[in-house]
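Chain by chain, the residues:
Protein chains: 2
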Amino acid sequence: MVIHMDNHQLALDSAFHALADPTRRAVVGRLVRGPAAVTELASPFAMALPSFMKHLRVLEKDGLIRSEKIGRVRTCRIAPKALGEAERWIAGRREEWEQRLDRLGDYLGARPTGGEQDE
Amino acid sequence: MVIHMDNHQLALDSAFHALADPTRRAVVGRLVRGPAAVTELASPFAMALPSFMKHLRVLEKDGLIRSEKIGRVRTCRIAPKALGEAERWIAGRREEWEQRLDRLGDYLGARPTGGEQDE
Chain A
1 MVIHMDNHQL ALDSAFHALA DPTRRAVVGR LVRGPAAVTE LASPFAMALP
51 SFMKHLRVLE KDGLIRSEKI GRVRTCRIAP KALGEAERWI AGRREEWEQR
101 LDRLGDYLGA RPTGGEQDE
Chain B
120 MVIHMDNHQL ALDSAFHALA DPTRRAVVGR LVRGPAAVTE LASPFAMALP
170 SFMKHLRVLE KDGLIRSEKI GRVRTCRIAP KALGEAERWI AGRREEWEQR
220 LDRLGDYLGA RPTGGEQDE
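Just so you know, the protein sequences line up as chains A and B, in that order. Every letter in the first sequence is one number past the one before it in my numbering, and letter 96, counting from 1, is 96. Heads up, my numbering is the position in the second sequence plus 119, with the first residue counted as 1.
By construction, these hints were calculated from the structure, which means they are not laboratory data. Idealized CB from N, CA, C, for every residue including glycine. Some hints here could point you the wrong way.
[Stated by the list, open to error] Here are a few chain B residues that sit away from chain A, every Cβ distance over 12 angstroms (derived from the structure):
no.	residue
1	K173
2	I189
3	V192
4	E215
5	D225
[Stated by the list, open to error] Examples of chain B residues lying across from chain A (beta carbon under 7 angstroms, computed):
no.	residue
6	A139
7	P199
8	Y226
Could you build the full structure based on these sequences and the hints that come with them?
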């Protein structure tokens, strides 16, 4: 097991970092339903706009959202790739964990009847 | 959309924070295959043991692993609940995103044939 600090690892670092905050998760939760202007995104939060903008910048830097300014309106949309990579990483670990439980279950299930079965 | 800083949000904050580091992800990736002693966990990493122990403490504090010391050996194992909650959160967002794409696809697919359909 050697750890390569490759782009994929960096992308996962960023995605999980972005998701480790309830405001940022709420923004992602809003944007999966469609694009939204910054003012609309900010309105549910009891937070000063500069603080909220900081969260948006983290989300954009970490690759979870994109934004585009047209005239005076900045519109944000989800960048689904990072979310997908984070999900696949966790799902892969969960599958390994479940396979281990299955093997353990087979072993424990087989044990009372005798010692003939191979694991 | 009101954000409650409840236990579930705190658990998600912790889980995603723990996963935002390649060493910690590698430890999780090892422990889903079965428990391991700290010395075994540390061996693949070119990192001083105190630094590595810091990562283990973060993982334990953030609820992703448990550890138990018997005699002089501390053994770590996965605590799968936090991983499951993190996965469910992302999967829920991805499903909403896909539903939106489906509706968009229906809309775009329907459009050329006329303007009668509602979105």
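To see whether the hints hold, each was checked on the structure:
For K173/B, the shortest C-beta to C-beta distance to chain A comes to about 16 angstroms, beyond the 12 angstroms cut-off, and the non-interface label holds. Every CB of chain A lies more than 12 angstroms from the CB of I189/B, the least distance being 20 angstroms, so the non-interface label holds. No Cβ of chain A approaches the Cβ of V192/B within 12 angstroms, the least distance being about 20 angstroms, so the stated non-interface status holds. Its beta-carbon lying about 4 angstroms from the closest one in chain A, E215/B breaks the requirement of being farther than 12 angstroms from that chain.
Non-interface call for D225/B relative to chain A: holds, since the shortest CB-CB distance, roughly 15 angstroms, exceeds 12 angstroms. With a least beta-carbon distance of about 4 angstroms to chain A, the hint placing A139/B at the interface is held under the 7 angstroms criterion. With a cut of 7 angstroms, the hint placing P199/B at the interface with chain A holds, because the nearest CB-to-CB distance is about 6 angstroms. For Y226/B, the shortest C-beta to C-beta distance to chain A is roughly 12 angstroms, which exceeds 7 angstroms, and the interface hint is violated.
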